[in-house]
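Peer 1: Okay, here's what each chain looks like letter by letter:
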Amino acid sequence: MTHHKVIDDLLTQKKLLMITGKGGIGKTLITCALAKRALTLGRRVLVVEQSSVEQVGALLGVSGVSHEETWRGDLGVANFTPSGNFKDFITKHLMRSGLLEILVSNKIVHSFFTAIPGFAELMLLGRLYYALNLAPGRRPDLVLFDGYASGHFLSLMTTPDAVLRSGLAGPIIKQTETVKKWLNDAAECATLYIAVPEDLVISETVEFLPALADRSSVKLAALIMNRCLPKHLGDSESSGSGASDSVALGFLKGRYERQQHAIATYNKLASGSEVLNHLPVALLPELGAIEEPMNDSLVEALLGGYDGDK
Amino acid sequence: MAINDTKNSANGTKDAVGVIAGPLVDRMLRSQRVVIIIGAGGVGKTTSAVALAIHAARLGRRVALLSIDPAKRLAAALGIELGHELRPVIFPEAAEIKGALSAAMLDQKAVFDGMVRKHAPSPHIADRILRDPLYIAASTNLSGPLEYMALARLQELAESPEWDLVVLDTPPDSHALDFLARPNVLSGFVENKVMSRLLKPVVMAGRAGLGRVMAISEKVLGGITSVTGFGALKSFGEFVLLMQEVIEGFHRSGERVIEILRRDSTSFVLVAAPHKAAARAATALSRELGAMGYMLDGVVFNRCLPRTVSHDAAASNADELAILKVRARSEDQVVEGFKDGLVGLQKGRAMWDVRIDDQTADIHTLDGILKFSKLYAADSSD
Numbered sequence: 001m002t003h004h005k006v007i008d009d010l011l012t013q014k015k016l017l018m019i020t021g022k023g024g025i026g027k028t029l030i031t032c033a034l035a036k037r038a039l040t041l042g043r044r045v046l047v048v049e050q051s052s053v054e055q056v057g058a059l060l061g062v063s064g065v066s067h068e069e070t071w072r073g074d075l076g077v078a079n080f081t082p083s084g085n086f087k088d089f090i091t092k093h094l095m096r097s098g099l100l101e102i103l104v105s106n107k108i109v110h111s112f113f114t115a116i117p118g119f120a121e122l123m124l125l126g127r128l129y130y131a132l133n134l135a136p137g138r139r140p141d142l143v144l145f146d147g148y149a150s151g152h153f154l155s156l157m158t159t160p161d162a163v164l165r166s167g168l169a170g171p172i173i174k175q176t177e178t179v180k181k182w183l184n185d186a187a188e189c190a191t192l193y194i195a196v197p198e199d200l201v202i203s204e205t206v207e208f209l210p211a212l213a214d215r216s217s218v219k220l221a222a223l224i225m226n227r228c229l230p231k232h233l234g235d236s237e238s239s240g241s242g243a244s245d246s247v248a249l250g251f252l253k254g255r256y257e258r259q260q261h262a263i264a265t266y267n268k269l270a271s272g273s274e275v276l277n278h279l280p281v282a283l284l285p286e287l288g289a290i291e292e293p294m295n296d297s298l299v300e301a302l303l304g305g306y307d308g309d310k
Numbered sequence: 311m312a313i314n315d316t317k318n319s320a321n322g323t324k325d326a327v328g329v330i331a332g333p334l335v336d337r338m339l340r341s342q343r344v345v346i347i348i349g350a351g352g353v354g355k356t357t358s359a360v361a362l363a364i365h366a367a368r369l370g371r372r373v374a375l376l377s378i379d380p381a382k383r384l385a386a387a388l389g390i391e392l393g394h395e396l397r398p399v400i401f402p403e404a405a406e407i408k409g410a411l412s413a414a415m416l417d418q419k420a421v422f423d424g425m426v427r428k429h430a431p432s433p434h435i436a437d438r439i440l441r442d443p444l445y446i447a448a449s450t451n452l453s454g455p456l457e458y459m460a461l462a463r464l465q466e467l468a469e470s471p472e473w474d475l476v477v478l479d480t481p482p483d484s485h486a487l488d489f490l491a492r493p494n495v496l497s498g499f500v501e502n503k504v505m506s507r508l509l510k511p512v513v514m515a516g517r518a519g520l521g522r523v524m525a526i527s528e529k530v531l532g533g534i535t536s537v538t539g540f541g542a543l544k545s546f547g548e549f550v551l552l553m554q555e556v557i558e559g560f561h562r563s564g565e566r567v568i569e570i571l572r573r574d575s576t577s578f579v580l581v582a583a584p585h586k587a588a589a590r591a592a593t594a595l596s597r598e599l600g601a602m603g604y605m606l607d608g609v610v611f612n613r614c615l616p617r618t619v620s621h622d623a624a625a626s627n628a629d630e631l632a633i634l635k636v637r638a639r640s641e642d643q644v645v646e647g648f649k650d651g652l653v654g655l656q657k658g659r660a661m662w663d664v665r666i667d668d669q670t671a672d673i674h675t676l677d678g679i680l681k682f683s684k685l686y687a688a689d690s691s692d
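Chains P and D, in that order, give the protein sequences.
Numbered by this note's numbering, the letters in the first sequence go through residues 1 to 310 in order.
Numbered by this note's numbering, the letters in the second sequence go through residues 311 to 692 in order.
Simulated from the structure, these hints should not be mistaken for lab results.
Keep in mind that the hints are not guaranteed to be accurate.
[Said to hold, decoys possible] Stretch-level coverage of chain D by chain P, calculated; a stretch enters the list once three of its residues show a Cβ under 8 Å from a Cβ in chain P:
1) 582–589
2) 617–625
3) 632–646
4) 677–685
For each residue, glycine too, the CB sits at the ideal point set by N, CA and C.
With the hints as extra help, turn the sequences into a complete structure.
Peer 2: Right under this line is the structure:
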């Protein structure tokens, strides 16, 4: 078993990795596996999600996940909330807690801020910046952000520009400029895109990634192809275990054929695309189902190499 | 588009057979006025919404389908363009669709612009709103306004004698419930016109200057401007004032929409995938739905391992089938666990659930989606 060098390099060299992809594709699972791998590689890592249904805790075996970071050794977990981000911006980032009482306690002011387009997105990006660069005490080496699904993620990443164009001023603009500059720094921040080898997903991926690369300030660093079936399913002879004519094996072989078709389609389209041509792709195996919390052998099974790898 | 994956359309692959709750699904589609499809992203929600709408048309109803999770390929399969207007879907005669289906897959910016033009007091003001930088940011980056307008459209269609049934496909992710709660959020926004009362002085002060507005305002206003800068308040204030008419128009429909959503003739259908994380999201969704006073009538589990495959895998010791065994066991646990979690939420209403097989054939063609829609039917003999 060999680990993907591209993944290990990102985990050891970057400070912020944002994970995105179409819904239901395994973003959260992969984020958690990457966190455990980063831990093994000696990094202090914080996993951040911003979700109304908290999902990371169950996978990592951490209970009571909230907006405040929960640390177990060098692995931290947080589920950021929009109002928490706003509160942190005022009290921690601007360090003006007196202002907070006025701003947060007042219903009118609260609706004002929730109604500004892009405000919540900006606060989230600012909060990620804060966690890595400003927070007092021991900060993480790496933040893994279990990002939104593709379309929503693109809005998140284009928000700094929208706010800069919108005529806002004051500390918000100052903060936006700082955050934007930092997100632009390819040495520190990168995006990982998750897909699965199915025709429909592949064609959406090939359409979406150039738009993401064009409009998002964060560099697209790799494509992770999740749920790949093992290569031996493509052998014309079955492996002699007596399952050769079974419905179940037929089902798997059919799926494998479609997977190979999708991968071939990707390769063909990627070779004609400036963005995709040099984008590293890491294949991860199909595991059937995921035990929670995930243990080390599951992380190894997922990230420790896929037997269809070249 | 780079490739056309709809050409190698479905054939040669055995049609999957789900465990059918057909009679209850049919009863819902025959009797209800509104069916709302909710679910997290990536569970096949839009496909299920289209399939249920087609099946209702098969049962003889005149169906309007609204999707605000536009799937270009599904739209192409149905032969409609993305857009605000309902377009009739033309079925081949052999499909034996007794009723009719029209569908609209709403495009965010087009819909928002259309509503601004409709509600703004004059074309001049509409133009100003459409040029406002905050409006542009909102209409291209935020789905909120779109979702709100989809509800307004739902109300319009549900009250029109032209349609027997309206099927609404809600946004993906966990946003579905924000979406359903939005009428309330917006009500709060326009309540007593607080926003415009607060912001009017700021806009007026565009001429009078900053000093004056600080004199008018209290510490609240000072507090906001110290974070956003004065420019933001002015710009946003103008936006709100310009939007006043529009927002009030939305607000008026919003109250009626809530009433429609709570009617007995409205059903909610939850679409889920049979794995733990998806079930967790689905459980949360169904509980919140109950708390909001909306009724969940059915659950669709998409992408289930076909029974024939899981039985076969269970009986075999072959290594290569281990993945399937693990998956089959996990799916059963998840589905049963999820259903147990719903007990007590349904307040006496009979709830159905359907397991739909992982589709091996392409369902992004009209032929494919017609076949797929039969999986929901009471008579699934073919």
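Peer 1: Hint by hint, work out which the structure violates, then give me just those numbers in ascending order.
Peer 2: Checked against the structure, the only hint that fails is number 4, while the rest are satisfied.
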